[in-house]
Each structure stands twice: as C-alpha cells, then as structure tokens.
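Student: Residue numbers (this note's numbering), protein chains in the order written: chain X, 435 to 713; chain L, 55 to 501.
There could be a bad hint or two in this list.
Said to hold, decoys possible - Here are some of the chain L residues that sit facing chain X, going by a computed Cβ distance under 7 angstroms:
1) Gly373
2) Gly382
3) Val385
Bear in mind the hints are in silico, worked out from the structure with no lab data behind them. We treat Cβ as the ideally placed atom computed from N, Cα and C, and that holds for glycine.
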Amino acid sequence: MEAHAQPNSPSANTANATESTAAPAGPEPLLRLRGISKHFGAVQALYGVDLDLPAGHVTALCGDNGAGKSVLTKCIAGINQPDEGQMFWDGRPVTIRTPNDAAALGIETVYQDLALADNLDIVQNMFLGRERLQHGLLNEDSMERAAGETLAGLHVTTVRSIRQPVATLSGGQRQAVAVAKAVMWNSKLVMLDEPTAALGVAQTRMVLDLILRLKDHGLAVMVISHNLNDVFEVADRVAVLRLGRMVAQDALSAFDRQSVVDYMTTGTSSRDVDSEPVN
Amino acid sequence: MTAINPQNVPDAAIAAEAETAPDLTAAAVDVIPPEIVAQSLGEYLRAWLARVRGGDAGLLPVLVALVAVTIVFTAVSPRHVFLSAGNLVNLFDQSAVFIVLAMGEGFVLLLGEIDLSIGYVAAIGGIVTAQLVQPNFNWPWPAAMAAGLLACAGIGFIQGTIITRLGIPAFVVTLAGYLFWFGVMIIILGPAGQVGITSALVPGQVALYGIVYAYIAPTIAWLGLAVILLTLANILWRRDSGRRRSGLVAPPVGLTIAKIVLAAIAGIAVVFICNLNRGVILPVVGVPWVVPLLLITLVLWTVLLERTQFGRHMYAVGGNPEASRRAGINVSRVRTMAFVLCSMTAGLAGIIYTSQLGGVTTNIAGGSLVLYAVAAAVIGGTSLFGGRGRVIHGLLGGLVIGAIYNGLYLLGLPIQYQLIVTGLVLLAAVSVDSLSRRNRGGALVKG
Chain X
435 MEAHAQPNSP SANTANATES TAAPAGPEPL LRLRGISKHF GAVQALYGVD
485 LDLPAGHVTA LCGDNGAGKS VLTKCIAGIN QPDEGQMFWD GRPVTIRTPN
535 DAAALGIETV YQDLALADNL DIVQNMFLGR ERLQHGLLNE DSMERAAGET
585 LAGLHVTTVR SIRQPVATLS GGQRQAVAVA KAVMWNSKLV MLDEPTAALG
635 VAQTRMVLDL ILRLKDHGLA VMVISHNLND VFEVADRVAV LRLGRMVAQD
685 ALSAFDRQSV VDYMTTGTSS RDVDSEPVN
Chain L
55 MTAINPQNVP DAAIAAEAET APDLTAAAVD VIPPEIVAQS LGEYLRAWLA
105 RVRGGDAGLL PVLVALVAVT IVFTAVSPRH VFLSAGNLVN LFDQSAVFIV
155 LAMGEGFVLL LGEIDLSIGY VAAIGGIVTA QLVQPNFNWP WPAAMAAGLL
205 ACAGIGFIQG TIITRLGIPA FVVTLAGYLF WFGVMIIILG PAGQVGITSA
255 LVPGQVALYG IVYAYIAPTI AWLGLAVILL TLANILWRRD SGRRRSGLVA
305 PPVGLTIAKI VLAAIAGIAV VFICNLNRGV ILPVVGVPWV VPLLLITLVL
355 WTVLLERTQF GRHMYAVGGN PEASRRAGIN VSRVRTMAFV LCSMTAGLAG
405 IIYTSQLGGV TTNIAGGSLV LYAVAAAVIG GTSLFGGRGR VIHGLLGGLV
455 IGAIYNGLYL LGLPIQYQLI VTGLVLLAAV SVDSLSRRNR GGALVKG
C-alpha cells in the first residue's frame, strides 16, 4: 500500500533555493510546494508559500479568514495556477494546470459544498463523470459493487441503501459520500475543505474517524479547518497561514491550541511546547 | 497504487474503530425510493405510501388524473361516447402530438431550462418533411423524415449554442426563436400558405399520411405485442433477479411481476381497443402506426436518459451543474445537446401532426402547442426546476392533456373553454410540483 511513501533519495539540488521553514520530514513528502506565490489583480494572495504533504500523515492547514487557505488549495487542485514557485510530486517537479492534471496525479479535493448532485443516488454520485460502461451502456452492477466496497472499506455503514438519492442523506453521510468519492480513484492526496463545519457532534466524530482511516490507508491528507479541536484530534502536522504567508509548519507536538491561535492571529508565538505531549 | 481496498484493511484497525452512532439527524427517511429498501411487495407499498406523504408521489398523480379525466368525460360526454373505440383511437392520435412534444420538452426541463419555440420548430419539421414528398421532390418517406428531423436538430443546435455559449437565458432565446421560426415557417410555406400530403399517387405522401391513418392488421398487432411483452418481461426479470442474486439493490419480486403485469394490461388494452371495429359504414380496425412509433421513441429516449453515460450526465447537470463541471462533465455540451434533442423530438411531433392534419397550414397554433407540451411534461411528473423527469412522464402527461382536449371537444365546448381548462390544469400541475418540492425538506429546496 505504501509504495509512494518510501524514502526517495533527497532528489538533488531541487527547490532548496527557497529556504524551508518546514521541519525536515525525513522521507520525501508526497507533495512538496516551494515558494508558491499567487496574486489576483492588485491583491497578493500568497507570498512564497512552502508546504509539505507527506503520505500517511494528516496535515492540518490553519489560518484566519483571508489567510489564503482556499487559494493554496485551489493551486494544488489545478483550479488556480500559481504565478511563481515549484511543486514536487514524489520528488518530481510537476505543473498542475487543470483539475484533470491534479486528478491524473491522484489529487482529489472535497470542497465545502461537497459537489454532490442531490437528485442522483450515492453510486451515481461516486462515479459521476467516470461511469463504467459495458457495451456502451452504464454498467450499474459493477459500479454499485465498487461503490459498496469503497464505502465498506471506509466503514461508512449508516446509510440505509447506496441507491438512495443524496438528497435523503444527513450532513455527515453526505460528507462521507463526498470523501468516499474522492478516495475511489486511486487517490494519493485528499484535501478536505472544512469537513466538519455545519456537522453535529456524532457526525463530526464519523468524519474524523474517516479521516484517520484515510491516513491508515497510506494517503496524504490535508484538512483545512478552523476547528482546533478537530485539528488536534486528527492532525499529525500543522501548517499555519497568515495573510498569505506560511508562518509555522511542524509536527503537531510542536504546537498547542494557544500557539496555533497565536500564529494564526499574530504570525508568531512565544510559547515553546515542543516536548509537551498533546492529547 | 493506494486504492482503498477493503480486503486489506487490517482487522486491528477495524477493531479500533469506535462504533459510529447511526446519525438520525436530518435524514428524511420517508423520501427514500421504496423499491430500494423494500424486501417484499407489502413493505414496498408501505414505503411507497410514506413517500407519497413525504411529497414525492412519483407516477401517482398523473395516473389518478388520467382515471379521473376518463371517468368525468365518460360520464358527461353525449351517449358516453368518450370510451367508445372510435373515440379512444382518435384520442391516441391526438395525444401522440402532445406526447412527443412533451418528451422533447422533457429534455430541457430536466436541466431546469425551457424551450418556448418547439411549437413552430415542430411545424418546420413537418413542413420540411411534407415539402420533400411533394411531386417535384418526390423523396422516399424515410429520407424526407430524416431531413425534417435534421433540420429541427440544426435549429436546436443554433438555439442551444446561443444559450450556452453566450449565456443568454433560454427563456429569451427560445421566445425569440418562437417568433423567428414562425416567420420562417410562413416563408417556406410560400404564397399558398399550406402544404398537403393527402395525394394517393405519391408514395411518400401515402406513407406519411399513413402514420396516423394506416392501421396494422389485427393479427400482426397481437403478435407484435406478444413479442414486445415477452422481451420486456425477459429483460426486467433477468435484470432484477440477477441483481437480487448478487446481493445488489433490487426491487422485491412482487414489484418486478407487478411491473410486467401492468405493462401487459396496458398493451393488451390498447391493442384490444384498436382492434374493435370503429367504422361507421365500412369496418375499420387496427392499431395506427403512430402507436408503435410512440413506443419506439419512448424506448429509445428512455435508454438514452437512463442507461447511457450521456443521460446520466444530463441528470447530473440538471441536479447540480457546478458538481458536474467539477466531475469533468462538459456542461455546455450537455446543455446544447438537450436543446438539440428537444428540437429534434419536436420535429417528430411535427411530422405526426402533419400526418394527422393531412398537411400544414399557416394556421398552426405553435404557441398553444408549446404550453400543452410543458403542461403535459409537468403533469406527467417532470420537475420545472430541473433534475427530475423521465420520458414516460411525457407519455402519461400527454395522454392526460390529449384526453382533456378530446373530452372538451366532445362536449362541444368552444376553444375558449378548452384554453381555460388547460390553463387551470397546467397551474395545478406546477403547483403540485412546487409544493412537493417544499415538502421534501431542506436539501432539495436549497439545491
């Protein structure tokens, strides 16, 4: 399962022109961003952002409103193109120009609005745009089996039938379907935008478990979240953006709630919590 | 390869999972389609009743409307002539135009769009076909029909392209098309203002006129029906029982049988009625050719919408265009194609109408035809708001509109009352659509 997680020889010379603020993550991260900048007209959204997303780890991307979280996500997802900077996928330099480029690499994004068609059922949504065909017609049996296996693999068992329209699902179930849809395609990196916003306690629990399961499957996961409880529950690594700059990026143990808030609001933190265990 | 592979999930990981509490919040359980959760016919009926109460009644309203209209008009028509074989066959012929138009309009309604031009686009389809079987062209009828359909498809492509590429609302573009094609229609009809297809000397005209006025021999009709029903039963039975065997979501056995029995009853009723003698002086029997033509259209478009990738994408675009775009679906292409299919199907309706009237004149009421088509589709159960609709909705809704049209005519009510009644029926159907949408809770109202 972990084919891509093996230590790549620190593939030469690359990218180290920009000095990284990231802690040395040991093995080559699945996706490495160096010096990503992006502006929209006169507004500079990102200033030379570095970010590492290692496989088998959950990286939380934190930041206040307007910090550039969404822009950074869209740059990785191929919706926006960075003006400057480099991206390395498994150590190889890559350019992601369109969402299809991202999908080809194995990058899937679960947006906050989930992008599900309410009138279609779970199977139809999970295969939307990539339907399986047989003799030119839809192969419903094969799609239903595969969707069922993926959902079972993620322990999404609360839906009554995988043939029910998405409109009849609860918020947590919809999120689960969106995540399952994202991981179905041999994805290696899944980015989730505020996955627990607008969810109740039990449903939040379900989604957090789901995220941990993705990690266990060896995927790189990036979670964008305002909710520090969630961050400290599922993340292995934390990256904090403030006003378009990456102000902190380290293992979770290097942070506590207060220091994350400090970084988000002021860009620095005087607290040193390096050795303090965080539950 | 890091596919989620359930077989490889270590058991320890599973054991470590906290039991996820089933979340009962916000799930509107009563709108789950009953056929996917029911294990038996009784359970199906209970789930179905729950769904009807939840606001999604499926085909129920249109079937109730059909029965109600039949009872009312049978009761009030002079000598109960409404249910006579002659009138029922007449009703099938009249409804055919509404049915096919409604099937066409269904494609754009499915995307939450509307096409107001199809009345006159249908007329153009009829005129092109009729002109090509005039003695000076003398095309064989299949070529003439193909040309009529292609012309209409071209019109749909132009309108659809303007709507999707320039981002102009369909309402405006097709309203402009309504006037434009009305004008074009008058031009191509020429100074005579009409084109006829009633000559018995031109083979193409005989064939076109025969769509409505030539009949299938009774024995052939019974044989054809037997073949169709056996094929349908075979397909339905094998699909459903195969899915049940392999543990996929499938309707209960009783429902599969009920579907086959219902189709058999409907088919036998139609063939039986058409094979009764309805002649006044000479015996007249047989199924008009328009009936199998409707059936072919129904099957073809149903397969396209419900069994192909393109059809799936149409539903997706109708339900959530943004999600479709992100899923890599070419939303503009799907929307343009919906207008192409709509206009092309309208062209077929125009050809049937031409056959029924024996030709086309400038008096054709393209405006009210459009409204009848929208009314028929919505009465049948297609949503005006996109994302919900089937081809069979056009068939059933078209029958209701045809029955109202026919019944009011039998009563000798002048056109003004027909218009008023049809307007009220349309309003009622749209109200049912809007109200059922509201009852279905947050998820749908938002989308």
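Student: Hint by hint, say whether it matches the structure.
Tutor: Do the hints match the structure? See the list:
Taking 7 angstroms as the C-beta cut-off, the interface hint given for Gly373(L) holds, the closest approach to chain X being about 4 angstroms. Taking 7 angstroms as the C-beta contact cut-off toward chain X, the hint placing Gly382(L) at the interface holds, the least distance being around 4 angstroms. At a threshold of 7 angstroms, the smallest CB-CB gap from Val385(L) to chain X is about 11 angstroms, leaving the interface hint violated.
This entry does not satisfy hint 3, going by the numbered hints stated previously; all others are met.
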